[in-house]
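Residue numbers (this note's numbering), protein chains in the order written: chain A, 11 to 641; chain B, 132 to 492.
To be clear, the hints were calculated from the coordinates, so they are not data collected in a lab. In this text the structure is predicted, and so the values were computed from the model without any measurement. There could be a bad hint or two in this list.
Stated by the list, open to error - Chain B stretches covered by chain A per the calculated footprint, using a threshold of three residues with CB under 8 Å from any CB of chain A:
# : region
1 : 364-371
2 : 387-401
3 : 441-449
Backbone N, C-alpha and C fix where the C-beta goes; we use that ideal spot for every residue, glycine too.
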Amino acid sequence: MDPRQRPLLRRRLGAFKAMTWSLVALLVLIYAWLQLVRHGEFKQLAMQQAVKVRPIPAPRGLVLDRNGQRLVDNRRALHLVIQREDLPARPEVVASLAEALVLDPAALARKIASYRQAGKGRPLVLKENLDEAGIALAERVRARFPFLSVEVAPRRVYLGDELAGHVLGYVGEVDEELMKARPGVFRLGETIGKEGFEASGNDKLKGVDGQKRILVDQLGTEVANFGQMDATAGRSLFLTLDAGLQKVAEDALGEEAGAVVVLDLRDGGVLAMYSSPSYDPNLFLNRLSQDMVDRYLANSQTRPMVNRAIQGIYAPGSTFKLLVAIAALEKGVVTPQTAIYCAGKKNFYGRDFRCDKPTGHGSLSMVQAIAQSCDVYFYELASRLDIDDIYATAEKYGLTERTGIDLPQEKRSRIPSRDWKRRTYPRDPKWYGGETISVGIGQGAVGVTPLALARFYALLATRGELVTPHLFYGFRDDQSNGLVPAPVPSPRGTHLDPRIWSVLNEGLSEVVQSGTAAANPFVREIANQIPFSGKTGTAQVATFVDKAHYARQAKFLKDHALFAGFAPRDNPQIAFAVVVENAGFGSTSAAPVAAKLVKYWCVDRLIHPLPPPRGKMVDPFAPAPQAESPE
Amino acid sequence: MRERFRALDPRLLWVLLALMALGTLTLYSAGRNTPQAGIWLKQSLWNFLGLVLMLLLASMDPRRLFRYAFPAYLVGLVALAAVLVVGRKIGGSTRWFMIAGQTFQPSELMKWITLLYVSQRLGSHNADTVGRLELFGATGLVVFPMLLIQRQPDLGMALSYLPILLIIPLMKGFRTRWVIVLLLLVGLGGVGAWKVVLKPYQKQRVRIFLDPSADLQGKGYQVNQSRIAIGAGGLIGKGFTSGSQTQLNFLPVKTTDFAFSVWAEERGFMGVLLVLGLFGLLLSRILDAAQAAPTNAEAYFCAGAAGIFALHLLVNVGMVAGALPNKGMVLPFFSAGGSSTLSFFLALGLIMGILHRSRVK
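Can you make the complete structure from the sequences, with help from the hints?
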């Protein structure tokens with residue numbers, strides 16, 4: 011029984027021993043294969059996943075108002091991203107990632123594919139501007155998808171919230187259509203301005219991304235830095251906007267839809283441009299809310315995404331009468347002294363055209379006609395002119411062209427002509443005399459943008475100079491933080507006859523002193539302090555049988571109220587145009603808005619200017635706000 | 132006391148101490164800058180407890196232990212059944228009891244109890260006259276706890292019971308030729324099937340069958356990282372605590388299943404040769420004990436123990452190199468863990484006792 015007496019067992023155990031040694035030998039061979047033969051390959055792989063070249067996002071330049079108040083700031087933000095070299099390949103991984111992050115799987119897969127194709131560059135951003143809940147989600151998801159990482163990058167903060175939404179616009183990731191449309195200009199994943207000045211000033215504001223070679227751990231966290239090329243921040247710049255005046259415009263329009271434009275008569279700088287309802291650009295920084303933009307904002311009835319100041323085409327109403335007056339005086343069909351009788355209505359081409367005052371204004375000179383805004387007077391002028399005369403005058407004084415402001419998608423005002431009618435209505439190409447009569451009081455086919463209207467009144471204020479409205483005031487000097495003014499396109503002279511100008515100037519002054527605008531006590535009160543000039547306008551949206559009928563109509567069918575002019579009367583500094591939609595008479599709703607602008611610009615600004623814009627948005631990662639040194 | 136230390140076999144002891152030292156160094160490097168930074172200390176404590184346990188067992192008469200084999204086996208079965216009901220669920224399987232804040236895995240200890248009991252039963256028979264029924268019965272004694280363990284589920288642990296069945300060819304004989312042919316066939320067939328015959332989705336199914344947690348992170352993410360670590364180690368390794376795969380956490384579960392990859396990355400092929408050589412010496416010495424054992428039961432126990440150690444070595448070292456499916460089986464003295472460490476020392480204590488008694492006799 012003693013196994014030591016059993017040679018058979020000993021032999022078998024001997025075989026066991028041989029087998030264990032061959033097992034060890036087998037393992038040695040496997041390791042020799044991995045560690046000796048394939049060493050180079052694995053060394054390369056180990057290096058590839060630990061040493062990464064990462065872009066350093068460059069902060070965009072800040073945007074300041076003309077006094078150096080910050081309108082757009084940068085803050086630190088965290089984004090959940092996939093670095094280019096970590097893009098997942100397997101469809102099921104992409105699908106479950108999309109599910110975990112509540113993203114559209116097809117869109118995510120497409121995006122990953124295009125990023126892979128594009129090679130090196132900015133990472134693919136899955137969720138931007140993570141808040142605390144977002145960070146918690148990111149950490150949870152990263153446990154399952156180790157290729158995700160969290161990137162620290164600057165983000166935009168629009169300090170005034172809705173204050174200058176349309177002017178500033180917002181930024182976002184460059185979309186594929188734009189990249190296709192302008193090949194070679196943008197890189198995939200790049201942040202660009204999407205709207206407003208962020209878009210038109212993109213080249214000025216954007217910086218140059220840097221890059222760094224770093225050692226990362228399995229979670230993509232930087233462990234060591236082997237060297238980097240710093241990012242070059244975009245240059246900060248000043249806008250011509252005055253934040254205080256802009257605030258006055260915002261408050262004055264309040265809940266009403268409409269637009270306000272104020273121009274600096276010296277150079278055409280835009281001192282205020284507000285379109286109501288406005289939007290808060292901060293809400294557009296997160297990619298997913300693009301849905302919200304498309305669904306709720308762009309198609310909503312109030313159209314808050316439209317910058318009414320440059321994209322709204324409004325019948326100018328009586329504010330257009332000044333152009334008709336110029337046309338008539340230049341053609342010589344009347345003199346300033348020519349008396350025209352208003353009986354409350356007049357018949358042209360077999361149709362009665364009514365004046366706003368049913369009892370009639372009686373006999374009027376041109377100054378009186380402008381002050382009282384007599385329609386019959388200007389019907390008469392229009393009847394003595396051809397539509398192409400009016401068009402030629404409008405062309406001469408810049409109303410038929412885009413103003414050339416440095417904002418995207420400015421619309422051109424619509425000034426009718428025979429040619430325009432032919433092109434626009436091929437079925438009914440003939441121009442009728444009656445249409446000219448309507449154009450005579452700024453109704454009918456004529457439509458202008460508030461900006462173009464403001465520019466025309468700037469021309470009246472400057473005795474015939476046509477400025478180019480602009481927002482870019484100049485770059486900020488990096489050392490002194492002061493303004494380095496940008497060159498301004500010099501105004502174009504239009505050879506407006508000084509005699510004509512003095513008649514118009516007197517008319518516009520009378521409007522506020524004793525005419526249509528003077529009916530409003532607030533306007534009168536301001537005008538007593540600071541005499542200013544301007545013209546009311548009431549633009550019909552629909553035609554009504556009588557006033558009782560009009561009163562019953564829904565708000566959106568009511569007339570638009572306009573006021574355009576300049577201030578102060580005698581040594582004008584600013585020109586403005588105000589449109590209040592569906593608000594009725596220009597004198598009651600638009601003129602007081604203008605009066606507030608004048609009051610702020612000429613008085614309040616100098617005594618106690620409004621405080622700089624402060625966003626109401628709370629940013630959990632923001633450093634303590636830094637005091638901006640006054641410049 | 133002196134007498135007790137004399138029971139320790141010096142050749143086995145030196146190999147053990149060397150492996151323990153290397154394993155502890157590996158755990159130190161693996162745990163650095165992670166929440167598990169203290170794991171090498173904890174493992175040292177287990178090693179110390181293990182050594183004490185080994186010392187106690189080595190100085191006992193192994194035949195006394197065999198007397199407790201049957202009741203211990205019954206208790207073990209009850210424990211395996213109980214853990215399914217009241218055990219702690221970690222990562223989808225119920226393998227552990229919580230005792231005083233420590234997890235305890237009964238299947239580890241039960242492996243050695245089963246070996247002990249089966250050796251005792253078969254050792255009481257004459258190898259030439261033992262009946263088929265008895266052999267089938269012994270097989271059943273091994274398979275039954277395996278089935279209980281697979282319920283946890285823990286396929287790796289269940290498979291580690293299989294070497295106990297090596298006792299049967301040891302008794303009844305085998306042709307070396309056939310064994311070699313069989314091993315080659317299984318080896319080549321398995322690898323060949325994996326590489327050539329099976330389609331990718333079938334492989335995926337096999338993988339998911341073998342390890343349900345191996346999803347999402349990419350096919351064999353863990354093994355892939357482990358292979359990179361091993362391969363990047365090269366001939367002499369990246370240096371202690373300098374392996375990028377290890378220190379930057381690319382290497383997964385590096386304190387348990389993939390501890391050997393840490394060693395391979397940081398100490399290279401030379402280090403691998405050293406450790407594999409030490410394991411060869413360990414196995415060899417255990418089989419020496421089998422040859423020297425005074426009774427059949429003791430010889431069978433030693434042979435089975437060598438089989439279990441060899442299987443752990445093969446599966447773990449093979450798995451981390453990607454040569455075998457990713458199936459959790461720890462590497463003795465390298466992978467951190469209390470239950471496994473103590474049970475390995477327990478077995479070694481018995482083996483030392485057997486060696487000691489064979490010398491004394």
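Tested hints:
1. With a threshold of 8 Å between beta carbons, the proposed coverage of the region 364-371 of chain B by chain A holds, since 3 of its residues qualify and at least three are required.
2. Closer than 8 Å: that is the beta-carbon criterion, and the region 387-401 of chain B has 3 residues meeting it against chain A, so the requirement of 3 holds.
3. Counting residues of the region 441-449 of chain B whose C-beta lies closer than 8 Å to any C-beta of chain A gives 5; at least three are required, and the coverage claim holds.
Checked against the numbered hints listed earlier, the structure breaks none of them; every hint is satisfied.
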